[in-house]
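> Residue numbers (the UniProt record's numbering), protein chains in the order written: chain L, 1 to 71; chain V, 1 to 71.
By construction, these hints were calculated from the structure, which means they are not laboratory data.
Careful, some of the hints might be misleading.
[Claimed, not checked] Subject to a maximum C-alpha distance of 30 Å in a straight line, what follows is the list of computed DSS-like cross-link-like pairs (lysine-lysine):
1) K31(V) with K56(V)
2) K59(L) with K66(V)
3) K66(V) with K31(V)
4) K31(V) with K9(L)
5) K9(L) with K66(V)
6) K19(L) with K31(V)
Predicted, not measured: the structure shown is a model, and the values here were computed from it.
Number of protein chains: 2
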Amino acid sequence: MDNREILAKFGRRVREIRKERNLSQEELSFKADLHRTYIGMIERAEKNITLINIDKIAKALNVDLKELFDE
Amino acid sequence: MDNREILAKFGRRVREIRKERNLSQEELSFKADLHRTYIGMIERAEKNITLINIDKIAKALNVDLKELFDE
Chain L
1 MDNREILAKF GRRVREIRKE RNLSQEELSF KADLHRTYIG MIERAEKNIT
51 LINIDKIAKA LNVDLKELFD E
Chain V
1 MDNREILAKF GRRVREIRKE RNLSQEELSF KADLHRTYIG MIERAEKNIT
51 LINIDKIAKA LNVDLKELFD E
């Protein structure tokens, strides 16, 4: 798996859980205290997210951080 | 848990697995293609690591990325 593939995988997983929760990108960004456009960029694997922001997204989605790395 | 705590938890886990593998920071940095001082900073939670570098460390330690978030 090349370096960028991990970002794509992560982005897909965030989008999947966000939709399960019936949250818009805007609602998730508000809960996570991140910018709405940032959530879009993460879901599209356009940004190399940091651990602190991964943690914020996990908390906002109310999942264990590890679950963001489930296949 | 405050924001920085996730970095501390991650750093402790990296150090723990690195020692289980009998690797020095230098050896790990070489395998992960990261700078030796960077590995030290990660283990001491002095840097907010990015997902691409988390992935590099997981591969260098030969663990599933999720295992870096085990308690």
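> Decide, hint by hint, whether the structure agrees.
For each hint, the structure was consulted:
no. : hint               : verdict
1   : K31(V) with K56(V) : 9 Å, holds
2   : K59(L) with K66(V) : 16 Å, holds
3   : K66(V) with K31(V) : 19 Å, holds
4   : K31(V) with K9(L)  : 23 Å, holds
5   : K9(L) with K66(V)  : 13 Å, holds
6   : K19(L) with K31(V) : 37 Å, violated
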